[in-house]
Structures are given as C-alpha cells and as structure tokens.
Amino acid sequence: MSQDHDRRLLDAGKKNLNQTQMKPKVWQFIGFKSIIETAMCQRVYASTCKKEDVALFFVRNKFYAINATCPHVGGPLDTIVDMEDLLRREVPHVICPWHHYVYNLETGIAEEGLKAEIYNVKVEEEKVYILHHAKLSLKPFETEI
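Going by our numbering, the residue at position 17 of the sequence shown is 320; the numbering climbs one at a time, nothing skipped.
No wet-lab data here; the hints were simulated from the structure.
Watch out, some of these pointers could steer you wrong.
[Unchecked claim] Pairs of lysine-lysine, PhoX-like flavour, derived with a Cα cap of 20 angstroms: (1) K365 / K425; (2) K328 / K425; (3) K442 / K430; (4) K353 / K442; (5) K326 / K438; (6) K353 / K438; (7) K354 / K326; (8) K418 / K354; (9) K354 / K328; (10) K438 / K354; (11) K425 / K438; (12) K328 / K353; (13) K442 / K336; (14) K365 / K430; (15) K336 / K365; (16) K430 / K336; (17) K430 / K328; (18) K354 / K442; (19) K438 / K328; (20) K353 / K326; (21) K336 / K438; (22) K418 / K353; (23) K336 / K425.
These numbers come from a predicted model, not from an experiment.
Whenever a hint applies, use it, and build me the whole structure from the sequences.
Dropping the structure here:
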C-alpha cells in the first residue's frame with residue numbers, strides 16, 4: 304500500500320471518530336441485568352469503531368462503564384488483571400495489563416494522571432443502559448474501522 308492510501312484511511316478514520324463524538328449521547332439499551340451481572344467485566348461494542356468500545360463492570364452490586372481502551376497506548380481495560388486490586392479499594396479500580404496504569408472506575412482517572420472516559424449507567428425495570436453517542440451491543444458490529 305502507498306503512503307497516500309494509508310493517509311486517506313487514517314484521515315477517514317479520524318473524520319468518522321470526530322463526527323461520532325459530536326453526536327449527542329443517548330441511553331443505549333445493553334441487556335437485562337440478570338444476564339449482564341453474571342460477569343464482573345465484559346466488553347460492550349460500539350457501532351462506530353473499536354476505540355469507542357466500553358468496558359462494563361459489575362462490582363459490589365453496582366455497574367461501572369469506562370472506555371475499553373487505555374488512553375496511554377491503547378491497552379485493553381476490559382481485562383481483569385488483578386482481582387484483589389479491583390476489589391480492595393473503596394471505589395473499584397481496573398489495571399491496564401500493558402503498563403499497569405490503575406484507573407478509578409468512578410472517575411476514570413489513573414494514579415499517573417491520565418483519564419479514561421467514563422459513561423453513566425442506569426438500570427430501569429431490570430434493563431441496563433449506558434449513556435453513549437454510538438449504538439452499543441454485547442456482540443461486535445461489522446465495521447470497516
């Protein structure tokens with residue numbers, strides 16, 4: 304592939320990401336609480352691109368949603384590296400497995416100063432919703448990006 308082709312693909316991806324981030328956030332239905340709460344953590348896929356995916360945690364009978372990609376260099380935040388670290392603090396934290404950045408699930412702030420985007424979660428009539436600007440699903444979308 305030529306550098307020009309690579310640049311066009313990169314520009315198209317940035318344009319798509321910028322357009323989706325300008326969309327208003329709406330409550331996206333994820334699934335039923337009784338099913339989702341059986342996993343402590345799972346990836347919720349965004350219809351736009353992988354960088355918009357959400358890591359949905361269920362810890363101490365509460366849902367937390369954070370961007371599934373570490374803002375440092377893109378490591379996965381939907382992987383539980385250290386169960387003790389997730390649970391030993393008053394507010395649960397998640398560790399990026401690549402460089403061990405530790406993120407507070409309520410604020411998205413890492414001890415090192417980085418911030419991952421967090422999303423509001425609500426449960427109504429046993430249905431779980433995440434406030435997000437993209438369509439969300441527990442199954443991957445077929446996208447080009």
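Is the hinted pair K418 and K353 satisfied, with a Cα-Cα distance of at most 20 angstroms?
-> Holds, because 18 angstroms separates the two Cα atoms, which is no more than 20 angstroms.
Between K418 and K354, is the straight-line Cα distance small enough, at 20 angstroms or below?
-> holds (14 angstroms)
Measure nothing beyond the straight line between the CA atoms of K328 and K425; if it is 20 angstroms or shorter, mark the hint as holding.
-> holds (14 angstroms)
Straight-line Cα separation of K430 and K328 no greater than 20 angstroms?
-> Roughly 18 angstroms between the alpha carbons, so the hint for K430 and K328 holds.
Straight-line alpha-carbon gap K442 to K336, limit 20 angstroms | Judged against 20 angstroms, a Cα distance of about 16 angstroms means the pair holds.
Restraint check for K438 with K354, where alpha carbons must lie at most 20 angstroms apart | Holds, at about 13 angstroms.
Agreement of K354 and K328 with the hint, judged by alpha carbon distance not exceeding 20 angstroms | holds (16 angstroms)
Given the hint that K336 pairs with K425, does the C-alpha gap stay at or below 20 angstroms?
-> holds (10 angstroms)
Does the structure keep K438 and K328 at a Cα separation of 20 angstroms or less?
-> Distance ~10 angstroms between K438 and K328 Cα, so the pair holds.
Is the Cα-Cα distance between K353 and K438 20 angstroms or less?
-> Status holds; Cα separation ~12 angstroms.
Restraint status (C-alpha distance of K328 to K353 at most 20 angstroms) | holds (17 angstroms)
Between K365 and K430, is the straight-line Cα distance small enough, at 20 angstroms or below?
-> holds (13 angstroms)
Of the hints listed earlier, there is not a single one the structure fails to meet.
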